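Trainee: What follows is each chain in one-letter form.
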Amino acid sequence: MTFNEQELVKGCKQRNRIAQKQLYDVFGGKLFAICLRYTKNRADAEDVLQDAFIKIYENIDSFRNDSPLEYWLRSVVVNTALNHLRQQKHLKELDDIDIHHNGIADKEFTLGNFQMQQLLELIHELPPGCQTIFNLYAIEGYQHNEIAQKLGISEGTSKSQYSRARSLLQQKLNKEKRFDDGSVRNKQF
Amino acid sequence: MDPSEINNFEEEWKKAFQGASETPPPSVWEGIEARLDEGKDKILPLWWQSPRLWYAAASVAALLFVGVGLWYANDNKQIESAGENKIAIQKPAEQKEIPSNPEIANSTTDKPSRDGVNENNGAASAEQNDAGSSAIASVTTKKDKLRSVRSQRPSVVKGESLAGYSKEKGLDTNNSKVAKELQTASPVSPSVPESVVAIAEPAKELTTTAEMLASLPYRNLDVHVQKRYVFFRPQTQIEEPVAPPKHKEYWAALGLMPASFNPDLKVKEAPMAFSAQNVSNKKSVSGSSESGISYALQTQGGMRLSKHWSVEMGVSYLKGNSNYQGGGYVLNAYNSAAANVLENALAGLSSADASPADKMNNFNNGALYIDVDKKVSNNYHYLQLPVQAGFTINPDKRLSYSLLGGMMANFFLSNELESASGEIIRTSASDDIYRGMNWAATTGLRFNYRLSSKWNANLTGSYQKAVSSGFKSNQSLESHPYLYGVSWGVRYSF
Numbered sequence: 001m002t003f004n005e006q007e008l009v010k011g012c013k014q015r016n017r018i019a020q021k022q023l024y025d026v027f028g029g030k031l032f033a034i035c036l037r038y039t040k041n042r043a044d045a046e047d048v049l050q051d052a053f054i055k056i057y058e059n060i061d062s063f064r065n066d067s068p069l070e071y072w073l074r075s076v077v078v079n080t081a082l083n084h085l086r087q088q089k090h091l092k093e094l095d096d097i098d099i100h101h102n103g104i105a106d107k108e109f110t111l112g113n114f115q116m117q118q119l120l121e122l123i124h125e126l127p128p129g130c131q132t133i134f135n136l137y138a139i140e141g142y143q144h145n146e147i148a149q150k151l152g153i154s155e156g157t158s159k160s161q162y163s164r165a166r167s168l169l170q171q172k173l174n175k176e177k178r179f180d181d182g183s184v185r186n187k188q189f
Numbered sequence: 001m002d003p004s005e006i007n008n009f010e011e012e013w014k015k016a017f018q019g020a021s022e023t024p025p026p027s028v029w030e031g032i033e034a035r036l037d038e039g040k041d042k043i044l045p046l047w048w049q050s051p052r053l054w055y056a057a058a059s060v061a062a063l064l065f066v067g068v069g070l071w072y073a074n075d076n077k078q079i080e081s082a083g084e085n086k087i088a089i090q091k092p093a094e095q096k097e098i099p100s101n102p103e104i105a106n107s108t109t110d111k112p113s114r115d116g117v118n119e120n121n122g123a124a125s126a127e128q129n130d131a132g133s134s135a136i137a138s139v140t141t142k143k144d145k146l147r148s149v150r151s152q153r154p155s156v157v158k159g160e161s162l163a164g165y166s167k168e169k170g171l172d173t174n175n176s177k178v179a180k181e182l183q184t185a186s187p188v189s190p191s192v193p194e195s196v197v198a199i200a201e202p203a204k205e206l207t208t209t210a211e212m213l214a215s216l217p218y219r220n221l222d223v224h225v226q227k228r229y230v231f232f233r234p235q236t237q238i239e240e241p242v243a244p245p246k247h248k249e250y251w252a253a254l255g256l257m258p259a260s261f262n263p264d265l266k267v268k269e270a271p272m273a274f275s276a277q278n279v280s281n282k283k284s285v286s287g288s289s290e291s292g293i294s295y296a297l298q299t300q301g302g303m304r305l306s307k308h309w310s311v312e313m314g315v316s317y318l319k320g321n322s323n324y325q326g327g328g329y330v331l332n333a334y335n336s337a338a339a340n341v342l343e344n345a346l347a348g349l350s351s352a353d354a355s356p357a358d359k360m361n362n363f364n365n366g367a368l369y370i371d372v373d374k375k376v377s378n379n380y381h382y383l384q385l386p387v388q389a390g391f392t393i394n395p396d397k398r399l400s401y402s403l404l405g406g407m408m409a410n411f412f413l414s415n416e417l418e419s420a421s422g423e424i425i426r427t428s429a430s431d432d433i434y435r436g437m438n439w440a441a442t443t444g445l446r447f448n449y450r451l452s453s454k455w456n457a458n459l460t461g462s463y464q465k466a467v468s469s470g471f472k473s474n475q476s477l478e479s480h481p482y483l484y485g486v487s488w489g490v491r492y493s494f
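In order, the protein sequence lines correspond to chains B and S. 1 is the number of the first residue of the first sequence in the numbering used here; add one for each residue after it. 1 is the number of the first residue of the second sequence in the numbering used here; add one for each residue after it.
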């Protein structure tokens, strides 16, 4: 799709409805995919997307073009999703857990045979805290100290929750048996 | 274990969701639109405060002064002013929230215990990375450390979350600090050595997260408390495409116009020497003008008033060449002096210059009329001052089209008429035969091609027609010059 990002932002700053719709059309799909990863169902994801776009339109004036527009939009969506989860008290119960599953040698690990929809379902099956931390660490690329700061938890909690998420996902993937034998080896120590 | 594959798990997941897209249902946009429309009814018209609107009014008044009607509308400016008001309201409101949060106070008291936890965790994570070497030993020590962390939990966890939360709330002031900390931490964090390729990737991620942290104020936005700010948005704005708000632009242009000029010169009644005979009386008024190849050198200055409208003025020099055919000439049988009809008519009009009058006297007695359809050259020099309004179609595209219309003051400089004997009779403005200034209406179509942000090339087809006679009133000669021309030019925008 061809569009001029700066013109689009300018139009949104002027509260031009056509520009707002165009921004939604261009980025709505990608941002909705993010919402789906953080929530448990489509209805919640739609609510988050709606809230996020209202925030985007209301705060577009402070977007300064010094970073790519998509990064900014993504961070607004992620923060909105986290607020949504806080509101639903999904992040209140986060605590350290015993499972410490960091020794997986993921040599030759691949998700090649899985469809995005299947992977999304696996993520949805994770406990809410694990799901959030998995998203933030593995997909968004935040570090544990940043996640700790974002969620108001300790870095250790973030790490252990992530380990748990990773372990659960490994188990689920093994169950699916969609990948080649030996592609995932769990070495626990 | 191959160190280059340690992040394979994350990389695979990241890759799987990179560029993932899912079309949201139409109800989402409908909901967004409904929420955006909520605040629209309570509108205060702030647009009239915009000074630009007053400039517009002044421009319209100026255009009326030169006799050209112009409508000036520039809606975007109103939006801008409304947008600025919104920001002004929003900023103080956000600042107020921060001190009102009672949790901030807790952050300082909880800090020592929190630091303790982080140290322990840091130690644990360092151990985790070396896990491959001595498995059992590290597990025991790690578990001990984790237990020690957990033993502090009852007092720590609550304070910690509060501290974390309040710190997040106070991020407006600590933004840059946090971002810096992250950037300095980035080279340290991947403690396991990796291959060159594998190192490059996390480094990139860290830059990304630092950028995301730079926009931390958005993390503070609370979904629970939604603020509605009223801004003015005129109804017409909905239909308008996204357009750059700045329209004021000045330009200077140069051009050369090859043209077809016709003075449309007519002899209304037979001049003195021709009026004596019946044939010459009739024939003398039958001549007509023919267009000649002419040219104009044009300079122009213009101003863009709005997205579509512009006004321009200029100074041009016009060399209008033409021929006059017919009317015959008279010949003096005694001294062989000859005069064609135009020559004789001009002589009849002249009061200041003695020589044409003398010539006229040559034919008072015994003049012979010779009915020859001879063609004589009749050339003009004018200085032109056009004032035109322009309406531009596709103003922001590379190729735009302008419709032009306006008035032109033609200042008569001189006329060169070929006499029957082949001499050139030169008439200047001071001879009082031609009007010093003659009004003409002008219209045209211009193709404007943008070469760069400053330079444009243009091609203008124009038509000019004098609205009054080129001669002083109540005379036997009449002239309503008209011109068709195609001008080639360049324009420089400031």
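Keep in mind that the hints were calculated from the coordinates and are not lab data. Since the model is a prediction, treat every value here as computed from it, not as a measurement. Be aware that one or more of the hints could be misleading.
[Claimed, not checked] DSS-like, lysine-lysine: derived pairs with alpha carbons at most 25 Å apart:
hint : chain 1 : residue 1 : chain 2 : residue 2
1    : B       : 175       : S       : 14
2    : B       : 10        : S       : 307
3    : B       : 172       : S       : 15
4    : S       : 375       : S       : 465
5    : B       : 21        : S       : 307
Trainee: Please write out, lowest number first, the hints stated earlier that are contradicted by the structure.
Mentor: No hint contradicted; all consistent.
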